[in-house]
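Residue numbers (my numbering), protein chains in the order written: chain Y, 1 to 317; chain G, 1 to 317; chain L, 1 to 317; chain H, 1 to 317.
These are computed hints drawn from the structure, not numbers from a lab. Check each hint, because a few of them may be wrong.
Identical copies carry no separate label here, and so any pair may be met within one copy or between two of them.
Claimed, not checked - Computed list of lysine-lysine pairs in DSS-like fashion (alpha-carbon distance at most 30 Å, straight line):
1. Lys316 <-> Lys21
2. Lys294 <-> Lys316
3. Lys302 <-> Lys316
4. Lys139 <-> Lys127
5. Lys294 <-> Lys94
6. Lys295 <-> Lys139
7. Lys21 <-> Lys127
8. Lys316 <-> Lys94
9. Lys139 <-> Lys302
10. Lys127 <-> Lys295
11. Lys21 <-> Lys294
12. Lys127 <-> Lys316
4 protein chains.
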Amino acid sequence: MQSEPCHDVAHLGHVEVLTDKFDESLDFFARVFGLKLAGRDAASAYLRAWDDYEFHTLKLSAHHTTGVGHIGYRVSSPEALERRVAAIETSGFKLMGWVEGDLGHGRAYRVEDPFGHVFELYWDTVKYRPPASDAPALKNNASRFHATGASPRRLDHLNLLATDVTEFRRFMETCLGSRVTELILLDNGRTGGCWFTVNNKTYDLACAEGRGRNRLHHVTYATDQREDILRAADIFLENGVHIEQGPHKHAIQGTFFLYVWEPAGNRIELANAGARLILQPDWEPVIWTEADRKKGQAWGLKLVETFHTHATPPVKP
Amino acid sequence: MQSEPCHDVAHLGHVEVLTDKFDESLDFFARVFGLKLAGRDAASAYLRAWDDYEFHTLKLSAHHTTGVGHIGYRVSSPEALERRVAAIETSGFKLMGWVEGDLGHGRAYRVEDPFGHVFELYWDTVKYRPPASDAPALKNNASRFHATGASPRRLDHLNLLATDVTEFRRFMETCLGSRVTELILLDNGRTGGCWFTVNNKTYDLACAEGRGRNRLHHVTYATDQREDILRAADIFLENGVHIEQGPHKHAIQGTFFLYVWEPAGNRIELANAGARLILQPDWEPVIWTEADRKKGQAWGLKLVETFHTHATPPVKP
Amino acid sequence: MQSEPCHDVAHLGHVEVLTDKFDESLDFFARVFGLKLAGRDAASAYLRAWDDYEFHTLKLSAHHTTGVGHIGYRVSSPEALERRVAAIETSGFKLMGWVEGDLGHGRAYRVEDPFGHVFELYWDTVKYRPPASDAPALKNNASRFHATGASPRRLDHLNLLATDVTEFRRFMETCLGSRVTELILLDNGRTGGCWFTVNNKTYDLACAEGRGRNRLHHVTYATDQREDILRAADIFLENGVHIEQGPHKHAIQGTFFLYVWEPAGNRIELANAGARLILQPDWEPVIWTEADRKKGQAWGLKLVETFHTHATPPVKP
Amino acid sequence: MQSEPCHDVAHLGHVEVLTDKFDESLDFFARVFGLKLAGRDAASAYLRAWDDYEFHTLKLSAHHTTGVGHIGYRVSSPEALERRVAAIETSGFKLMGWVEGDLGHGRAYRVEDPFGHVFELYWDTVKYRPPASDAPALKNNASRFHATGASPRRLDHLNLLATDVTEFRRFMETCLGSRVTELILLDNGRTGGCWFTVNNKTYDLACAEGRGRNRLHHVTYATDQREDILRAADIFLENGVHIEQGPHKHAIQGTFFLYVWEPAGNRIELANAGARLILQPDWEPVIWTEADRKKGQAWGLKLVETFHTHATPPVKP
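Take the sequences, apply the hints, and build the full model.
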């Protein structure tokens, strides 16, 4: 690992979520979850949280199945993009090359991880410019706080499955320059889960050991307060959304969470980390053992079975 | 401004606050405000919030008057320290050279801004290693959540006065590589206030136009939730602490705040930013005009007079 | 005062608020404040909070000016209504006799206080029976938590002006059997303000000394959490609602408050009392002096001038 | 049931909790749970929450086992006490007669329910008069908000087991004049659980079907905000307290809860009901079926096994 942290990648930009129930999923994300529809094209709806500065952070695409389409990270500068492309080109990972952007951003460089997930890095983005009807009362917000549904403030992270988390870690460190903040060390010596960040957030991507290819565990948006998550639980309940687990607090990362399934089955999370950030430049990854994990979540909750078995797209048992 | 952000400085490390009422101030910070006493030497108490990873974030020093002793920022690496020292040495600002550390950190390089504030940059720090009695239940926290007093999670920022905020800005950009996130543009063309960050926090240092030399407006710790600040207001009330302003929400930066005066008169703040971070690499500073400022704080509160007149040390009118 | 508390009156039932900007006021209450429209008749909209069990708690009526139309209290039983009517008939206050109800309730007995406010007592009410589209997910709630706007849970209280609060107190004690929980004793011996309850709520009606006849200071709905009020402040801000004062905490009654003006100028409040109730049967009214009042609100806030000068309908200075 | 509600009993006054680990239990209640020690006698510690107006709401008594010693309810007046005694004397339930009070209250009349629980009704109480060191900053609070541990505001309710909940209901309605607000109707026609109130609180006593005699399920204190309960969960975690279940929200009564076991094994709860009260005079009990119960708690949580098996004192399986 570099002695000096890599800052080429600025932040998780967007996640493309695939749905085979497009209209229902869109209704969930816009009306219940409280994201805003910034635009649409032939197969996708471009959504953002009210304080996301980019055109979109969620690309909801109609597909024959569920799961993740691709994961986009924004880089820190055009020069940083060049450095990343150079590092990726010599990485040995599966190069997919340059693509034109979409409604949300310009050209991007794509690479596939060993588990079928497609990542893209881009600099050239479309910044959300609100029309008068969506202008914020306070000019330092990206758009009006519309208070619709759960209305989280911004995109937070996603969680992917990989059959070999250690190899996934190598991909993240090599291609994105990500750093590990916490991880699960199994008794058998394997890494059971790993949490990565490219900036001061405690994490923007997590990876858990799991089967299949290109599988998504969940996508998460951040709320300002924990009470927002408690309130959202009632919103989900009133709207017949499947509440899978929570609200509770994770031991790992200490985030307060609530997991639901959107209508097509993709797992979506609301999370709040409080004031916790990783500012320490020489942070050592926190290692959690199986003994730690047996204690359950922070306050003892044992995760439901589906948390370990359900991901998208589904795979045969 | 650089096309690529500078990451040499990792985070605000500590603030030395001077008090001419040492015992009363220490009682306030430990018992009421809820910081932990990590150690003491001849003239100072070293305090930290329960999740600060360093030995201290507040150095409370006995002095003949009040105000700020020095401001410490931790750098990202030994190499980053060298780069900063090189930049500072050619900056034209007042060099103070290397100092040995104290109970909290090792050698540090000091420079004085044009307004009498002493800054130091350091890499070599003392990390807080809790004794068993202070060990956290969750291993990813720096120490036990002791729930004493207001018990904020970590140091957040400070606010200094300068007779020329534009010149102060030049100092911060040159010496620390700080970036401006928001600022007040007065009708007369001067910068009335400026908010700086070295990382993804919305700010770690603010500067307001004001008289005198080496003057402190306030030091701030961050809570996890806004409700913690409401609760703290009652703790301050019950302990006879002077509550100057709040709780309310700033328009600038959108932080929820509460300002009190510790027994010697230094202004101390509790703040909560929710999930708001500056992740955007090409963030443009938000500019607030006097017309904006006339509207008051986010929900209309007009700041009390003392907010504009009181700072430490006091100066003759 | 009776040695045994009077339980004839169960709770504040509804308030009729007059508006000379009906469409704008209705939009405010339904879309921004988050009440639900249960029905309409020729001159009025009948609104309720999502957990109010009655057909309405706010009767918004088109009028040539603003203020309060009448105040409705529900009694505990048909027998209790008879007892109240008997007490009122011999009270010496201005009898207005029986009226038929409206969309919200059946027959009611009306009496006018010495300051022009019309009170009615009723037993026969219309209970809100939600259509399937408004059915609650949890059967112990009156209707679906719709999460629109501020969406307070229920009606809480109102505040009226009277030129003689002591006489108003006599009216409340005699006609409603209300008990005083807190009051302001002015240096001149007069009662400056008085807070009344008919049940275990800390208060359902407050009276402040003020000019004019039939004047309303504010109507208040209760939220479940203080964070709901902080969130509502942003909703009001984004919707251009005049935020007059708050959020802050009153010393008197200790309620957390936020005052806004609806489009026609009536003052509307969101309040949260936490877990505070008056369960003590021999509660002695808490007396606040002018010296107490000089300290400001709980955390020192000095009330804005309009809080003392603005009420509805307006009167010439 | 009477057509007019009975108001003879004002509120749950105190619960005597038995412990065979007195010092550890006292440390838990005072330091961690955040009650205040008002006094002690030979076998008991008298504790109260910071805003309880009486000398005590929890009588912690050293005993050879755990569980509940007695349950005290305060009546509304001396006349009400006489009415209750008259009703109890002809009820057929087991009369225990008059007892002298203790440090907390004067003479009380005792009756035992069919399941071994001892109830006492009293008028003559000891009101807590704080010494200067415990005086509240705001005069309408009973004592200083000391912010120690979880520091709930006041006593809320308790939950007892009975082999026949319907018979227990008859006892409560006959002897205390309690009203049922919600209940569980089992498929076999029996009442599985019942929630009672004597005032506008949603409940002050709950009864669940269970084995043994004089068995306690839990005692509960109320917090002002739900966030207080989330914060308390971390306090319990840091202090090695067994967190049994929560935080989560009950479907029945909709209260937000957290259950822990104090050191001797008695189950203690923190709860928050938001602004929910039963003000409606003709409230019909809400009936929950086994089908309702299969859905789990409000947001789907399935209660842990010990919630159904653990109570105090323990009984052989």
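Comparing the hints with the structure gives:
1. Lys316 <-> Lys21: within (20 Å within a copy, 53 Å between copies)
2. Lys294 <-> Lys316: Answer is both; intra-copy 27 Å and inter-copy 28 Å each pass.
3. Lys302 <-> Lys316: both (25 Å within a copy, 27 Å between copies)
4. Lys139 <-> Lys127: within (15 Å within a copy, 39 Å between copies)
5. Lys294 <-> Lys94: So Lys294 and Lys94 fail the 30 Å test inside a copy (37 Å) and across (48 Å) alike.
6. Lys295 <-> Lys139: Between copies only: 13 Å across, 45 Å inside.
7. Lys21 <-> Lys127: within (28 Å within a copy, 39 Å between copies)
8. Lys316 <-> Lys94: Classified as within; 26 Å inside a copy, 64 Å across copies.
9. Lys139 <-> Lys302: between (43 Å within a copy, 19 Å between copies)
10. Lys127 <-> Lys295: For Lys127 and Lys295, only the inter-copy Cα distance (28 Å) is at most 30 Å; the intra-copy one is 44 Å.
11. Lys21 <-> Lys294: between (36 Å within a copy, 28 Å between copies)
12. Lys127 <-> Lys316: Classified as neither; 41 Å inside a copy, 49 Å across copies.
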